[in-house]
Amino acid sequence: EAGVVQSPRYKIIEKKQPVAFWCNPISGHNTLYWYLQNLGQGPELLIRYENEEAVDDSQLPKDRFSAERLKGVDSTLKIQPAELGDSAVYLCASTGQATNEQFFGPGTRLTVL
Amino acid sequence: AQSVTQLDSHVSVSEGTPVLLRCNYSSSYSPSLFWYVQHPNKGLQLLLKYTSAATLVKGINGFEAEFKKSETSFHLTKPSAHMSDAAEYFCVVPRSNDYKLSFGAGTTVTVRA
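Sequence lines, in order, name chains A and B. Counting in the working numbering, the first sequence runs from 1314 upward without gaps. Counting in the working numbering, the second sequence runs from 284 upward without gaps.
If you are wondering where the hints come from, they were derived from the structure by calculation, not from laboratory data. Small disclaimer: the values here were computed from a predicted structure and weren't measured. Take these hints with a grain of salt, some might be off.
Residues from chain A that keep clear of chain B, each with C-beta distances beyond 12 Å, as calculated [claimed, not checked]:
(1) 1325
(2) 1326
(3) 1331
(4) 1332
(5) 1333
(6) 1340
(7) 1341
(8) 1365
(9) 1374
(10) 1375
(11) 1377
(12) 1383
(13) 1385
(14) 1392
(15) 1397
Here are some of the chain B residues that sit facing chain A, going by a computed Cβ distance under 8 Å [as the list claims (entries may be wrong)]:
(16) 324
(17) 325
(18) 326
(19) 327
(20) 329
(21) 373
(22) 382
(23) 384
(24) 386
(25) 387
(26) 388
Glycine included, every Cβ here is placed at the ideal spot set by N, Cα and C.
Chain A on its own, in the form it takes in the complex (with noise of 0.2 Å):
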């Protein structure tokens, strides 16, 4: 079974600049997570999506951060214009009907210069 794919991977852009993050969850799974992983730190959940729908929202700075899942599956989480701050893994997760297990992907890693 494949896993929760993230790309890029390690992305470097100046302040001020867009940027967008794609994850493609496991197969089958309608629930998916976006979330913000400072240094030393623990994850936080920035927007959870069930299918195409975003019922928890709460936590995404919706002035400059906008997700979408148009078709239900994958998934894209934008920021603009990115601030120094903003460096930090962004990590999507996926969770199937039959478990409350979340899956994550391996992240990006965002550095603002």
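Starting from the known structure of chain A, fit chain B onto it as the hints suggest.
Quick look at chain B alone, frame taken from chain A:
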């Protein structure tokens, strides 16, 4: 509110010696609890989970954890550390009885040859 506290930010052990990672939880009810491991540049992987079926939980790679309600603890142990155990370990509790996960700050494990 449910939360976890990992008592050690860094643990260093010699290969072949026991590993102990300490986690205390705070919960208004008997929670589910998880341990995740994150190897460098990899996604988080579930090591084991407690869901009230048995207080001693065995996980992958020889790890186990014991739920102690009287001590509000869920410490992770392994009898003999291997070099491949060098990683970041997170104790995790659902913030409510659903999908939201509250991560501890993490414990970095270093294994000396």
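**Report entry** Indices of hints not satisfied (ascending)
**Finding:** none
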